[in-house]
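Novice: Which chain is which? The protein sequence lines are A and B, in order. When the first sequence is numbered by the working numbering, its final residue is 335 and no position is left out of the sequence of numbers. When the second sequence is numbered by the working numbering, its final residue is 837 and no position is left out of the sequence of numbers.
Derived by calculation from the structure, the hints in this document are not laboratory data. A few of these clues could be false.
Chain A residues, not near chain B, derived (Cβ > 12 Å throughout) [unchecked claim]: (1) 26; (2) 53; (3) 57; (4) 130; (5) 147; (6) 217; (7) 280.
Covered stretches of chain B, going by a simulated chain A footprint (3 or more residues, C-beta under 8 Å) [said to hold, decoys possible]: (8) 401-415; (9) 431-441.
Pair by pair, the computed Cβ-Cβ distance ranges are [as the list claims (entries may be wrong)]: (10) B/705 with A/125: 45 to 53 Å; (11) A/129 with B/703: 42 to 50 Å; (12) B/398 with A/129: 47 to 55 Å.
Just so it is clear, CB atoms sit at the ideal spot from N, CA and C, and this is done for glycine as well.
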Amino acid sequence: MTSQAQTMNTSRPSNVATILAKFRETGILIFLAVLVIIATLVERRFFSLHNFENILLDISILAIVAAGETMVIISRNIDISVGSSLGLCAIVVGLMFKFNPGVPIIVGLFLGVLLGAVLGSVNGTLVTQFRVPPLIATLGTLSIYRGLVFLSSGGRQVDPNDIPPDLIAMARVGPLGIPWIVIVALLISVLVGLFLRYTHLGRDIYAVGGNPVAARLRGIGVNRVVFLTYLFAGALAGLAGVLYAGRYGTVNPADAGVGFELTVIAATVIGGTNILGGSGTILGTVLGSLLLGVLGNVLAITNVSGFYQKFAQGLVILLAVIIDAIIHNQLQSRR
Amino acid sequence: MSEQEPLLSVRGIIKRFGRAQVLTDIDLDLYPGEIHALVGENGAGKSTLTKIVSGLYPPDGGQIILEGKPITVPSPAAAQHMGIALIHQEPLSFPDLDVAENIFIGRQQRRGIAIDWAKMYTEAQRLLDDLGVAIDPRRRVRGLSIADQQMVEMASALSLNARMLIMDEPTAALTPSEVADLFIIMRRLRDQGTSILFISHRLEEVFEIADKISVLRDGEMVGQVQPAASSREEIVRMMVGRPLSALFEKEQMAEFGEPRLEVRNLTTRGLFYDISFQVRSGEILCLAGLVGARRTEVARAIFGIDPPSSGEIWIDGRRVQVPNPKIAVQLGMAYVPEDRQKHGLLLPMRIDQNMTLPVLQEVSRLGWLNTSMEGQLARDWQGKLDIRMRGPDQSAWELSGGNQQKVVLSKWLLTGPKILILDEPTRGVDIGAKAEVHHLMSELAHQGIAILMISSELPEVLAMSDRILVMREGHMMGEFSRDEATQEKVMAAAVGQIQLEA
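Just chain B, with the same shape it has in the complex:
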């Protein structure tokens, strides 16, 4: 479109984390005076790419070129001085300092060696006026809304004469009117010649504001389109258009049993609204969606960690109250959380002690733990789930991701659950262990357990689910049976595009 030189180009960027290749040969040109949207599924590599350009990660290969000259970006501060600024989704601010200092910290205006506060306030006021926002530069940042904190970060970037703004999902935490305000400012900056790289999961926003759209999938650049010459359907197809790999498929059952878990109009104000579904014995129901769909929040509500503000939970046809996780366990539920290192395991603790945490009553006599029984249980489950470990006395943190996940699973299976909630059960797990976890899930379903799985990985969703429920920003967007679900349909619902002719 433009004959201009690009402001910033990346060529052949490669990034690996351990053995996983997260970015492969990424090329991207960003021109002055344009808003360039970067879209893709969770884990497609968008954030990694922005972190490389803004100096948070070094690339493992490839070049970054600023105005025709190859550069290295050793740190975020260096990036800022080159005019590249990253606006974070959750702004990184100093809550106890005032707005002006948050804008200028580290380079406050001085007269001699003394900071010239009066001048700093004047300058801050001017920057905020330029942005068209009414924020008092003298007030403390604590208590400002996320939108206002973003504006403070923007003002900070502008004070450095940033020519390139990288905005990582800036709209995720904003209200619609705040998004509208942000877009007005983004357009004005673009018209002044700033180059903006905009990341968003909301396709309607992307089409509203972007001049170009680049699509990432599984760490590769799939293509670039002009919004006017494209459609949301095309973008969705580009985002998910991968051949389905040969993942383990759930064994089909002829007949599901009775509804085990049912929720009706589950709502927690400000988080999610009117969630209703049922999971039958032997069935795997998947909650699909993108980051910010609030699926984990629903799971936590069901399990009593953050009880919902309204709605009903039914188990085996009986209405129940689940005020806390202890009751949830008594009702036959088990919840394997997403971040097993943070919520699922006590990493320094021995494997057997980790496993028996939910069933301490059963492995103790008169209040004293029977440690040989703990060890025996651990060895039993080691065999059942094929956990690679030296012995029950090993610390949990010594295990690989997949084996840690198996320990968490056995911990909850020890409680003999009827309902199993799995939150991203294979995240960060290598491909072999992934197949084993999938196999195990299928087996558990076969034994009559009702499984509610949360997964952001479309191939996994399609391979393992009997039914798929798609959520977006706290609302149910659609429900698909195993036969009718395709990657395109699920993704279209997840980005808020319900009608899609397949």
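Next up, chain A with everything else stripped away, as it sits in the complex:
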């Protein structure tokens, strides 16, 4: 401890974290640009309005869920149940529409958000009240929520003709030709970004993740903050679940949101959120989602086997984190 104190004393005021954050966002943009250029050269169809719309539709649901995950990870926790939460909200809302035809879609959206918030609250309660380690708590609910997906649906999927056409249209039409789902994702990202930057609660999330002990001493209700981040993450997963039903026009219990938590965490980490808590931005997460979306699209459109998609995604995650570590170490040792 003392030796650290000594080296810190002699350090010049370098600003590792700031440099890293700036590097990360421009880094992703450069990577994206390179990808786009290569993809365009290889496959003309890539560079088209239609394809870009496809990419945006693909990443909208991802970006919404990842915004919630970003908050959870900044607070030094993790939620791996978001995929199951998405699935459960999608199936429950789908069934609601099936048995109550003619219900306005706003009711469905509201129900999805509410149910998601409840599922998130369960996670938050497990972590803050029962002191279950976050990974284990949400591993448990990942399985429980997935089980509920099958139980509530009897294993049967919700068919396209059970889903209101208005909801399906959200993935097709919208103002200025931009589908409503994309607008909602953009809106959520902006709102969460502003929330994290400009509200006390938002800043408290950073404080809790950066130094929980100091946060408590400064009078911040650490448990309350952590509970709320889980609640928000659940609510956003719920919203995403309803949009999922609209986007794909069908909800299959066996694959709605299965494994999605990994893509969500990947987007968050690629976007520069520190998996150990304390730092991260929504802009980064949106760029991380975009990168994964473009990558997936490029591989699909150039007819690379789907098997490579997971492989490439893993490489990008490791690459991003390794480059971070290298830069971090170099900045540290240059003192």
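Once you have looked at the hints, place chain B on chain A.
Specialist: Below, chain B without anything else, positioned relative to chain A:
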């Protein structure tokens, strides 16, 4: 001196941890516009008292009175809102947030519900300017020096209009010029009417800055003096002036053997410098000093955990290299660390498995552990050291502190060491087990083991050592033989006051 009302008074404060009484009937008055120093040995209760006043611990008895009104301080946040702020020795900051937010976190300036960053930066800049420090409020705290982080904490306290600053060893991690800067700021705050409670081990600093000095010893308030009407000698006497209790005394030996362990000019830059001593067979040499004297660092260097940057280690008259603890064990050394729960024991593991960790080779056949042999060894040592345990299969965490220490000791004695390094061997151990550990140390010395003991407890140092080496902030301050050592002499050297006429 002053006719004013005290800003904050404590009356009859009592604090117990378990059965140990750490504070007894503490009275203290702190006036506005004064710097009040609190001094005492390690464990005298200084930090506990500050933690009670700043809301970290509830007292078990007594009253805290703020401006004439009795108050309770349920939490540090509550204390801050009453104007009482604690500045930590190692500042508690948010490394990834910028300076301004570290100052204002939890109560950032807002316009409507939105945080007004521009105003927050302006305010932070003003506070930092008031303190006279050049720190950019927009930079992140990660990478700031400890001194600068302290300034950020001070600015945070001032932003809450703190009238009472409690500074727990703020100078311990600072360079001399940083200390000078800090003192300038402390004086300015005092002149503006702030009351400062200042804790330091460095008596010269205390005399330089304090208006009053209160001395704690063994959880009791010994007295209060004015620096101008006192002397360092008087303070040292007050700090240690206890009657020597009847501790177990090391059995004297007529003759020590050959030098077993010798170190020459051991140095690790930034930690300790030019440490030289030798320990002979049958001798107990004690490294005495206060927290921050870097004694543990020296022990870790000798044992190869953090090899030194220069200097020589000799064992039995042969120069050796100790690049890692494995080599140290092969050379016949054993090291019982200070924090046995963290470094000495694997708490959830069985007692016998804990004991045999350093000698796994000897209790295994063809790479497979002989578990019945492990159990047998544990029972042997249970008898030898009188360890109170149900059986070898009990988990280490179920034992009392004293018995845990005996398990750690037997673990290392199993390696048959010639040199035993004991770091605070009786810390947190009750009085009965303490005597047993002391008895055992004496016996081991008698068997010809050379013992290097680190202890912060003066009575223990005086009772058990054949020679005493005093360190202060990484430097050797003096060496005393058993006959010439007194509590006053050792303490005087430990606080940096070498010449003291006894």
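Novice: Between the beta carbons of residue 129 of chain A and residue 703 of chain B, is the distance compatible with 42 to 50 Å?
Specialist: Taking Cβ atoms as reference, residue 129 of chain A and residue 703 of chain B lie about 45 Å apart, which means the hint holds.
Novice: Holds or violated: is the Cβ of residue 217 of chain A farther than 12 Å from all Cβ atoms of chain B?
Specialist: violated, 5 Å
Novice: Is it the case that residue 280 of chain A keeps its Cβ farther than 12 Å from each residue Cβ in chain B?
Specialist: violated, 9 Å
Novice: Report holds if the minimum CB distance from residue 57 of chain A to chain B is greater than 12 Å, and violated otherwise.
Specialist: holds, 32 Å
Novice: Tell me if chain A covers the stretch 431-441 of chain B under the three-residue, 8 Å CB rule, please?
Specialist: holds (count 5)
Novice: Quick one: work out the minimum CB distance from residue 53 of chain A to chain B and report holds if it exceeds 12 Å, violated otherwise.
Specialist: Check passes; 33 Å lies beyond 12 Å.
Novice: Is it true that the C-beta distance of residue 398 of chain B to residue 129 of chain A lies inside 47 to 55 Å, as the hint says?
Specialist: violated, 35 Å
Novice: Does the claim that residue 130 of chain A lies off the interface hold, with its Cβ farther than 12 Å from every Cβ of chain B?
Specialist: holds, 21 Å
Novice: Would you assess whether residue 26 of chain A, listed as outside the interface, keeps its beta-carbon beyond 12 Å of every beta-carbon in chain B?
Specialist: Correct as stated: the minimum Cβ-Cβ distance to chain B is 18 Å, above 12 Å.
Novice: Under a C-beta cut-off of less than 8 Å, do 3 or more residues of the stretch 401-415 of chain B approach chain A closely enough to confirm the stated coverage?
Specialist: holds (count 5)
Novice: Decide, holds or violated, for the assertion that all CB atoms of chain B are farther than 12 Å from the CB of residue 147 of chain A.
Specialist: holds, 33 Å
Novice: So does residue 705 of chain B sit 45 to 53 Å from residue 125 of chain A, Cβ to Cβ?
Specialist: Since the Cβ atoms of residue 705 of chain B and residue 125 of chain A sit about 48 Å apart, the hinted range of 45 to 53 Å holds.
Hint compliance for this structure: hints 6, 7 and 12 are broken, all remaining hints hold.
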